[in-house]
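**Q** Sequences are here, hints too, so could you generate the full structure?
Residue numbers (this note's numbering), protein chains in the order written: chain H, 1 to 87; chain X, 1 to 313.
These are computed hints drawn from the structure, not numbers from a lab.
It is possible that part of the hints are untrue.
What the hints assert, rightly or not - Below, a list of computed lysine-lysine pairs in the DSSO-like style, where the Cα atoms sit at most 27 Å apart:
no., chain 1, residue 1, chain 2, residue 2
1, H, 80, X, 209
2, X, 62, H, 60
3, X, 236, H, 52
4, X, 254, X, 236
All of these numbers come straight from a predicted model, not from anything done at the bench.
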Amino acid sequence: MKKIIIIFLLCISISCMFFGISKYLEYNNLNIESDDLSKMDKEIKFLDEKIKQKEEEYRKLQADNSSLLEELKIWEEKVKKVESYLL
Amino acid sequence: MGRKSKKSGKLFIVSSIFLLLISIIFLLAYFYFDTEIHKTDKKNGTIIKLKEEKNVLLTSKKEELSKIEANITELDDLETKLFNTKKKYYGTIKELEDQIISGKNDKKIAYLTFDDGPYYNTYKVLDILDKYGVSATFFTTTINGENCYDKKDTNCLVLYKEYVKRGHTIANHTFTHAIWRGLYKSADSFIEAVINQENQVKKYADGYKTNIVRFPGGSSTAGKLKTSIIEKLREKGYGWVDWSAQDGDGGSLKSTEEAWNNLKSSINQDIEVILFHDYSSITTEILPEAIEYLDSKGYVMLPLFYESNVINK
Ligand SMILES: [Zn+2]
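**A** Here it is in C-alpha cells:
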C-alpha cells in the first residue's frame with residue numbers, strides 16, 4: 001500500500017517537474033522585444049530637426065536662385081523655339 | 001520487527017513529504033513562468049504595435065527628408081542645368097544650320113551682330129531686340145574706356161552683364177580696336193588686344209568666356225599678318241568671323257534710305273552674318289523694320305556661337 005502511494009507521489013512529482021521545466025524552457029526561449037522605443041523617438045526627433053534645417057536651406061536656395069530659375073526657363077523656351085524650326 | 005516497521009513508516013512519511021514538496025515547488029514554478037510568459041507576451045504586443053507606428057512615422061519622415069534633399073540637389077545643379085540647356089540651344093542651332101546648308105530645310109538664319117560697343121545707345125538696341133524676342137551677338141571693345149562715349153557721365157561696363165542677362169552672345173572685337181595705332185603691328189600685338197578684351201569681358205560679365213573674334217576693320221585689314229593671327233587665334237581656342245551683309249553704318253551713312261538699300265542689296269544667302277554698330281542712330285532707327293523684313297524673308301535671327309558653320313576656326 002505504502003509502495004503504491006510512494007509510486008503515485010513519484011509520478012506526480014515527475015510530471016510536475018516535467019511541466020515546470022518545460023514552462024521554464026518556454027519562458028527562457030521567449031523573445032523579449034527590446035525596449036528601444038526611446039531610440040526610435042530620438043531618431044524621429046533627429047529627422048524632424050534635419051527636415052526643418054533642410055527646408056530652411058531649400059527656401060534660402062530658392063530665394064537665391066530665383067533669377068537663375070527664371071533664366072533657365074527662358075533658355076528652355078529658346079531651345080523649344082529653335083527646335084520648332086528643325087525638320 | 002516493530003523497530004523495522006517504525007523505521008519504514010518514518011521513511012515513508014519523509015519520502016512522501018519530500019515528493020509532495022518537489023511537486024509543489026515545480027507546480028509553483030510552472031504557474032510562475034506561465035504568468036511571466038503571459039505578461040511578456042502582452043508587453044511584446046504593445047511594444048511591437050508602438051514600433052510599427054513609429055516605423056511608419058520614421059519612413060514618412062525619411063521620405064519627406066529625401067524629397068527636400070532631392071529638391072536641394074536640383075537647385076544646386078541649376079547652374080549645370082542652365083549650362084546644359086545653353087549647350088543644347090547652340091547644338092540645335094548647329095543642327096538647323098546643317099539642315100539649311102544641306103538644302104533639307106528652307107528656313108534661313110540671320111546672325112545680327114553689333115560692333116564697337118558697349119555704348120549708351122546699346123540699351124536702345126537691346127530693348128528693340130527684346131521687343132522682337134531676337135538674340136544677337138555683340139562684338140565688344142574697350143576703346144571707349146569705362147564710360148559711355150555717347151553719354152560720358154554713365155558707366156558703360158555694366159552693359160556686359162546686360163548682354164548676358166538678355167541672352168545675347170558677347171564676342172571679342174579687341175581691347176584697343178586701334179586699327180591704325182598698333183593693333184596690326186604684329187600678330188602678338190593683336191593677340192594681346194584680344195586677350196585683354198577677353199579678360200575685360202570675364203571681369204564685367206561674371207566670368208563669361210568669349211571665344212569668337214572679329215578683326216577690327218575686317219580680317220582683310222590684317223593684311224599679311226592675317227594668316228599668323230588666325231594661327232594664334234586657333235591656338236588660343238578662338239574662332240573668328242567677318243560679315244556677309246551690312247547696312248553700311250560703319251561708314252558715312254547719310255540716310256535711313258541708304259542704310260535700307262545697303263542692307264537689302266547685301267542680303268542674298270540662306271545664312272547671313274549682318275554687320276551693325278551699336279552706336280549708329282540710323283541702324284537703331286531701321287532696326288525694328290529690319291527685323292520685320294528679315295522675318296518676312298524667312299530668316300530666324302539667332303546669336304552666334306563657336307561651333308557655328310560661319311565661325312572660321
Ligand atoms: Zn569695329
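**Q** The structure should be examined with respect to each hint, and the outcome stated for every one.
**A** Now the hints, each set against the structure:
1. H:80 with X:209: Roughly 25 Å between the alpha carbons, so the hint for residue 80 (chain H) and residue 209 (chain X) holds.
2. X:62 with H:60: OK: residue 62 (chain X) and residue 60 (chain H) at ~21 Å, within 27 Å.
3. X:236 with H:52: Status violated; Cα separation ~49 Å.
4. X:254 with X:236: Violated, because 40 Å separates the two Cα atoms, which is more than 27 Å.
Of the numbered hints given earlier, the model fails hints 3 and 4; all others are met.
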